[in-house]
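Enquirer: These protein sequences, in sequence, are chains A and B.
Here numbering that gives the first Met the number 0 is used: the first residue of the first sequence is 0, the next is one more, and so on.
Here numbering that gives the first Met the number 0 is used: the first residue of the second sequence is 0, the next is one more, and so on.
Calculated directly from the structure, the hints in this document are not laboratory data.
There's no promise every hint is true.
[Said to hold, decoys possible] Covered by chain A, according to a simulated footprint, are these stretches of chain B (three or more residues, beta-carbon under 8 Å):
hint, region
1, 37-45
2, 116-122
3, 138-144
4, 190-202
5, 250-257
[Unchecked claim] Pair ranges (Cβ atoms, derived):
hint, chain 1, residue 1, chain 2, residue 2, range
6, B, 103, A, 59, 29 to 37 Å
7, B, 36, A, 30, 47 to 55 Å
8, B, 98, A, 145, 53 to 61 Å
Quick reminder that beta carbons are idealized off the backbone N, C-alpha and C, glycines included.
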Amino acid sequence: MKNSQRLALFFLLPSFFFVALFSIFPIVESLRLSFYRMILTLPWLGQRMVGWENYRDLLTDPVALASIRTTLIFIAVTIPLELLVGLGIALVLNEMFRGRGLLRAVVLIPWAVPTVVASQMWRFIFNDRYGLVNFMLFGADTSRYWAPLAHPHFALAAIMVAEIWKTTPFAALIILAGLQSIPDDLYEAASVDGATPWQKFRHLTLPLLKPALLLALLFRTIDALRVFDLVFVMTQGGPADATNVLQFYGYKKTFAEGMIGYGSAIAVTVFFMSLVLALAYLRAFKITRLQGQTP
Amino acid sequence: MKRSVALLFYSIGIALYCLVPFLWFVLTSLKSSAELTAIPPELIPSFHWGFYQSALQNYGLLHYVANSAIVAAATALITVAIGSLAAYAIARFQLTWTNFYLLLLLVVSMFPQIAIAGPIWTILDRLQWLNTYQGLVAAYIALSLPLAIWILATFFREVPREIEEAALIDGCSRLQALYKVVLPLAAPGILTAGLLVFIHAWNEFFFALIIMTDPTVQTLPVGIALFPGEYTMPWGEIAAASTIATLPLVVLTLIFQRGIVRGLSAGAVKG
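Could you put the whole structure together from the sequences, leaning on the hints where they help?
Expert: In structure tokens:
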């Protein structure tokens, strides 16, 4: 018994070394730095403990508050749409028909496209001079062409479109795994009882799919909270901070402006938002485990 | 009859949604400069390879491809090696604290990049590993391990205990049993984990951006994101570079789609 404990420790140690050095230590260090004033461009200030000052600044910084709002709007709009489209795709993929394997492969393509590539691709589609969106709206009338990515509202909408396109396949796969765990005989029994397809979906599929939907919801939310690549490539947070999501703002403060303390406070804020969701996810995960999901 | 028509209709819709935006970019890369700026847009390009040539010669595309290949391959190999050890212990011993470790990895995988980026930069700076392959690879290993261990543990649990116990009775050590018996039997899982880690490392942008500031060591996503262009963007070259960055992944995905689907839903942890 003792022997297997020591062996397990020996096997886990190499992985723990990397995770501790590059994930756990950095989180703790970010937490510590968020209570210090440290600005790389003003090195003579050194590292001064300032208590909650960075967090107080954050609460009075209109850009930071707008950034929190933008991030929440981004999540609130993209996640329901991703789940809805993902559910639709999963329902089709769950049917038996010729060419299903091919369709499943096609669905994986947006997932396989690197996010930076997807960002440039959508930036080109929304381009003000020869973008497809302009052509679809105004045809060949180039005098009416405009730049959606330079418009305070449409820029965020464009980034949402790109995000939904890129991440729907992941939601679809999780939901599909949930659909496949529903036993066929339940549907057969419902058919015998004379249930219509809609009744079967409403009273059988949807309730049994709840754990998978919850799983997809929480994974996607945690991931949407870290949106960065799309914003960096498509708008650089602009125009006028309209697409300045939290992770981009934290990056700007820390790496472009060298405001280590304040940047860390933003980082810790994002972290705690994720943590709350992660805990919710862990609870949801227990539900799926009990129901024997994920074959 | 009605059902199959409806399914065909939906399937076409889904395929168009997934394919058209990306295909449009691929077609753009095969156009000539005149075709690229044409209004109304040219649907079928003249299969002009000029943008690829320009991307290779004027923008050093091959260099970025090589950097990405080195970083992603090294990350995948080392992560799977280290991850296999951990996943084996988790799957076989099933102790309270190994299960706790699995949960810890899950929580760690949800950390937002920005919350760990600053200190990682500082560590690599102290080691003088900024702008080096080993610096980026070390960070990527740490970031990929949670996903890899979750997938590998799922697959290792399926290897029957009896086969392994027979090997132990025949005088194999635990490590020998792992390498000679368990690993070959869990080969599909290892391939899946390696593939997902490779794809993740190939696509990763945030850490590549902050760790690799020197263009000679930058990976493809950084090169594509920072494509130089002052007044007009070189869209043809960007599309060509994007196509080259994506093509290997699409090929890998199509070949290994079964494994990938299983890995993504079994691990249920996104890379």
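Enquirer: Compare the structure with each hint and give your call.
Expert: Each hint, compared with the structure:
1. A count of 4 residues in the region 37-45 of chain B with a Cβ less than 8 Å from any Cβ of chain A is obtained; the coverage claim is therefore met, three being the minimum.
2. With 7 residues having a beta carbon nearer than 8 Å to a beta carbon of chain A, the region 116-122 of chain B meets the requirement of three or more and the stated coverage holds.
3. Using a Cβ-Cβ cut-off of 8 Å, 5 residues of the region 138-144 of chain B lie near chain A, which meets the minimum of three, so the contact claim holds.
4. Chain A is given as covering the region 190-202 of chain B, and this holds because 3 residues of the stretch bring a CB closer than 8 Å to a CB of that chain, at least three being needed.
5. Residues of the region 250-257 of chain B with a Cβ under 8 Å from some Cβ of chain A number 4, which satisfies the need for three, so the listed coverage holds.
6. Against the hinted window of 29 to 37 Å, the Cβ-Cβ separation of residue 103 of chain B and residue 59 of chain A comes to about 36 Å, which satisfies the hint.
7. At about 51 Å, the CB distance of residue 36 of chain B to residue 30 of chain A agrees with the hint of 47 to 55 Å.
8. With their beta carbons about 56 Å apart, residue 98 of chain B and residue 145 of chain A fall inside the hinted range of 53 to 61 Å.
This entry satisfies every hint, going by the numbered hints stated previously.
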